[in-house]
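Please model the entire structure based on the sequences and the hints provided.
Protein chains: 2
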Amino acid sequence: MSLKDNIHALFAPKTVAVIGASAAPGKVGHTVVANMLEAGYKGTLIPVNPKADEILGLPVTKKIEDLPEGLDMAVIVVPVAAVVPSMEALAKRKVRSAVIITAGFKEVGKEGYALEQRLIELCTEHEIAMVGPNCLGLISTHDNNNASFAAGYPEKGSIAFFSQSGALCTAILDWALGENVGFSKFVSLGNKAVINEGNMLEYLRTDPNTSVILGYIENVEHGADFIEQAAKVTQEKPVIMIKSGTTTAGAKAASSHTGAIAGSDQAYTAAFRKTGVIRANDMATLFDLAQAFSTQPLPEGPGLCIVTNSGGPGILAADATEKSSLNMARLSNSTIERMKEFLPPYASLYNPVDLIGDAPAERYRKTLEVVIDDPQVHSILVLLTPTASAEIIETAEAIIEVSKKTKKPIFVNYMGGQRTRPGQKMLTDAGIPCSIYPEPLIKSIETMYNYYLWRQTPAQEYPEVRRNRQKARLVINEARSKGATEVVEFQAQEVLRAYNLPTPNTGLARSSDEAVAAADKIGYPVVLKIASPQISHKSDVGGVKVNLADAEAVRNAFFDITARAQRMRPEAYIAGCLVQEMAPKGCKEIIIGFKRDDQFGPLLMFGLGGIYVEILKDIAFRLAPLGRDDAKGIIREIKSYMLLKGVRGEQPVNFQAIEDILITMSELALDFPEIVEAEFNPVLVNAEKAVVADVRITLSA
Amino acid sequence: MSLKDNIHALFAPKTVAVIGASAAPGKVGHTVVANMLEAGYKGTLIPVNPKADEILGLPVTKKIEDLPEGLDMAVIVVPVAAVVPSMEALAKRKVRSAVIITAGFKEVGKEGYALEQRLIELCTEHEIAMVGPNCLGLISTHDNNNASFAAGYPEKGSIAFFSQSGALCTAILDWALGENVGFSKFVSLGNKAVINEGNMLEYLRTDPNTSVILGYIENVEHGADFIEQAAKVTQEKPVIMIKSGTTTAGAKAASSHTGAIAGSDQAYTAAFRKTGVIRANDMATLFDLAQAFSTQPLPEGPGLCIVTNSGGPGILAADATEKSSLNMARLSNSTIERMKEFLPPYASLYNPVDLIGDAPAERYRKTLEVVIDDPQVHSILVLLTPTASAEIIETAEAIIEVSKKTKKPIFVNYMGGQRTRPGQKMLTDAGIPCSIYPEPLIKSIETMYNYYLWRQTPAQEYPEVRRNRQKARLVINEARSKGATEVVEFQAQEVLRAYNLPTPNTGLARSSDEAVAAADKIGYPVVLKIASPQISHKSDVGGVKVNLADAEAVRNAFFDITARAQRMRPEAYIAGCLVQEMAPKGCKEIIIGFKRDDQFGPLLMFGLGGIYVEILKDIAFRLAPLGRDDAKGIIREIKSYMLLKGVRGEQPVNFQAIEDILITMSELALDFPEIVEAEFNPVLVNAEKAVVADVRITLSA
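Protein sequence lines correspond, in order, to chains A and B. Positions 0 to 700 (numbering that gives the first Met the number 0) are the ones given, in order, by the first sequence. Positions 0 to 700 (numbering that gives the first Met the number 0) are the ones given, in order, by the second sequence.
Hints may be right or wrong, so weigh each one.
Any copy, or any two copies together, can satisfy a pair, since identical chains are not distinguished.
Unchecked claim - Lysine to aspartate or glutamate pairs mimicking EDC-like chemistry, simulated, CA-CA at most 20 angstroms apart:
1) 616 with 649
2) 638 with 617
3) 587 with 613
4) 537 with 224
5) 616 with 636
6) 155 with 178
FYI, nobody ran anything at the bench for these hints, they're computed from the structure. If you're wondering where the values come from, they're calculated on a predicted model, not measured in any experiment.
Now the structure itself:
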């Protein structure tokens, strides 16, 4: 049996032992047994306790050694000191999976950390699918399995939830009970010693009872695995996650909470984008999206039609629609003609369709039946304010009836409270999201539409990057052999050339004669730069001179630069000067760089040079590997993209040349894990070409 | 009696006549009478109906002519054709105020518009405080007055609400009933023919029963009045408004709804900012803020302390806090020492204070009592997740107890649903905002803190602008006398000089000799520009030459510019060339302009020149008149502000010089209503000074 098979045993175990079961109500070891029984667990449940004979009517096994071999699952609630011995004993009995509820491990410091390491070794060796330690347990409603000490048990449903925080499990469970929302699985991952979010995504992808996956994470420890699994599952089911610890204060709280070290928020955002995971920025959004995705079909286009009995709320909803990536569907003439037949003269036949305050349920029903047929309408938002003549229940019935005959999503805004509540409940129970505000509903439809687009997007092209890896390897090995953490520019350019990256025509000159000869060959004007492995900030020592127009100027510059460098940095080895071609006219400066994220690997960065990156922070990020679409996307994401497209009659820059550099840098980053950071700054780009004018490569120590 | 006195009669009438009262249940004329009776109205209520004898037990008056003179209020529900005659008859009986519920006026087109004009004339002549037409009516709970056909009646409370949309009144009323939120007044303003939001703000400012004012507006028609009243009332009570029709689609819906012409959203934003009105961007925020402001004191600082029984939710709340303008209060050592005395060892004593999942109510109470004393703590957010041992009701009691002893605001996040609901209700009933999500609560606290700062801000200085209005008047009159809608640059500079605005040293030269003489006087290098009233886009005809270094260059440029202009624009009168000093070195270009908004008057605009305004849309707005703080604020608001402060060791520009230009332009705009638009572009600014290098003044036709 592999770990993967054993995960299934966690959710659908045929035999379960509760290690530390207790006859005393109020104790966790009692609650777990009671919860299993109350959930209607159909397999064999064995309480284990050296002192008891019977717990909640079940015969007790005295010690682990007496348990049958090949047990599906053990739930561990013994004190922390007894956890490792228990697991050792269970491993001998060939247990397939375990839930360790007991706390006192990694989260409490060094000693706990060592204990947790021992658990990881044990579980890895014996392929035990272990959830926890330090968790609330897990629930699988379709298997009548409640291996937790949670205070409630949700209805059967199609939403799965896993969480790094037990408290969030508790909160969402209580919310589910309050709102009658059904769940398939609830997993409190605790310290994630063995089973983590990657395993959960992999398992839930093929779980027939789960159609929507929710997750709360504070950090991800196996980034590559997470990305692989997340990218696969989002092709089949939506995954909605809250990632906390996004800000400094949040991250601080995260560290002191479960010892989680929050990765950089940009990397997480890039990871979610890369994999199509939907990020919920707050709890309300998580709940709203869970309900929307689990009940309504995806809208297959941006056109939203609003049907309302009142103008003001219609305007508010239209405002929110225009601020989203949806649009107000333009109704066809035939739709409008059909509505004219039954709508009163003061009704507005255009979107928002205003049925006027006296609209009975029948008017709603007829209108919905007409607009739902319009090919420009991809989703519908029904608005109702509780006017004196509003038929709150009957209108809900009409909406439910229409929704059964269509594959377009319908959302309802009953704007009110007291009088609207029964209608709202009726709609929600029928699987039609109903809220008292229009804005969150529109946000949900927008998110669903974006997810629809994600599912439709064909797999992107990963262009092959021609390269001479061996040549680059030699350069980097040489730098490392000297203990350098920075590759000097002239050698870094070797690396770029090995990857066929466009570099300015450059020569290394050890004397002024050589400098003039190089300049003659390159063509005037040229740039001279100091070449020294110790001097990386060249301008600081006056080590750069531009626009040198003739041999005379080159000769003077050579003397000037080298003399100055020697004077200011007497310890530095001066190899001479680099002679470089000048930037072509009308160039724009861009910056392309990457930083290796601990969790997710190379995180590429793109922005316009100078103040755009430094002051305006107009930067976009993507995780490696970059495909053609990623490269296009990172460029278009920055606000100053318009400047690259050209303003006031300028020609656009050569975008493909930029994309190629981005894609190549991504490959370079993947080829050489010892490069921790690299930056091409500036890359000079005009309508014809892009050239990497300066480069900095930083190696791990 | 003035209109203002008569508004009081609307809310606290001693005698009320219902014109069009009906004995038939279901009719609006019946509902109004029934609503008055159910509200426990204590004055004299007179149904008026030519055919009935008794309605709901009240004796009926047959015709308006038989009503007593000097009636406080009439409620009009007769058919539209009978409204004007009824109002004429009521005016003769010296009625003081009226609510016209009947629709069919401005909102239905030309004929209705004419009827509404007649109503306005009548009410103005007789100083009748008229609400409507086309409205739901009004409610004043503290006066037992329900002059509406609304389907519910709220509890007495301190929130007032006025709305341009009757549907929103209906919705908010139903919400209030559902949530047990009390209101002081509900006013459906309808077409706002007489009583508008300005009157409401003025009246509610001194209404002792109102502590928070909510409003829904689609447009404002009397901008100056609105600003005057809003600025006054926000010094005493918070005003929270939803302005709809913010986007194109929204605005379109607004026009087709009540004939409202939505003003530009920038102008509204500027008007709210100028007056301290809090803008709610969605309904949820409106409701949240209404509850927060009406129940809790203002936080007197940014320090928020989070007290929680669970880590995950604590992190989410800390994230949201860091994204706001609040901060996580740094607890003092003595606070931490005091908490150590009773908190368990695994509790986190730092903010968020984590009491751990088993926290009983007593632990919450003790902790709250300690942190509330910390001077760094200005507001508190209590978090609770329904763990197995959570004491949901007892904790609510503890929070209520502590809140009674403090003047610091307390908000509560009971994260859950089913089990937490009774605690949530208990807290809400006790006036402590309690939500199942932390984020909206933090947003409320932030908004309250910003309002606190607004109340603390001393009145700003309005520097006196030295000017020669007469001189400017002559220039503008001359342009207008020639039917021009554009003031030519040389004359526009006259206007600037009349307002002591810094202009480049300039001379008008009619010949090349005069050009050289002028250049000699100004000092080289100079700029030459074509001077022709018909040529406003000078560069298009090659009419600008810069950096002219000597007399020879000036002479050649003069011939070249004038010849080219004559050839390309043979019909244009060529006055000669302007000779101007060159911009000083190291200047930055900024744009300062204004546009006259229909509702709110001159709307000033500020941004950096070129792409910052055109491509990045990095622009800020303020309404005239501009004080010193406004001028400072508009400059700091743009994202590229850092560029003016100076990057990479640059000196900051002379900010006061920019402020002075802004303040002066605002005065110029107020002095000359015939200027519809003006732009100083570019204004050149460096560390020493700012110069208006080019100017464009557009006059109304």
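Against the structure, the hints come out as follows:
In this assembly of identical chains, the alpha carbons of residue 616 and residue 649 lie at most 20 angstroms apart only when taken from different copies (19 angstroms versus 24 angstroms within one copy). Proximity of residue 638 and residue 617 under a CA criterion of 20 angstroms is satisfied in both settings, with 6 angstroms inside one chain copy and 11 angstroms between copies. Taking the shortest Cα distances, residue 587 and residue 613 sit within 20 angstroms of each other both inside one copy (16 angstroms) and across copies (18 angstroms). In this homomeric assembly, residue 537 and residue 224 never come within 20 angstroms of each other (Cα to Cα): the closest approach is 41 angstroms inside a single copy and 62 angstroms across copies.
For the identical chains of this complex, residue 616 and residue 636 are neighbours both inside a copy (12 angstroms) and across copies (16 angstroms), given an alpha-carbon limit of 20 angstroms. In this homomeric assembly, residue 155 and residue 178 come within 20 angstroms of each other (Cα to Cα) only inside a single copy, at 13 angstroms, whereas the closest approach across copies is 30 angstroms.
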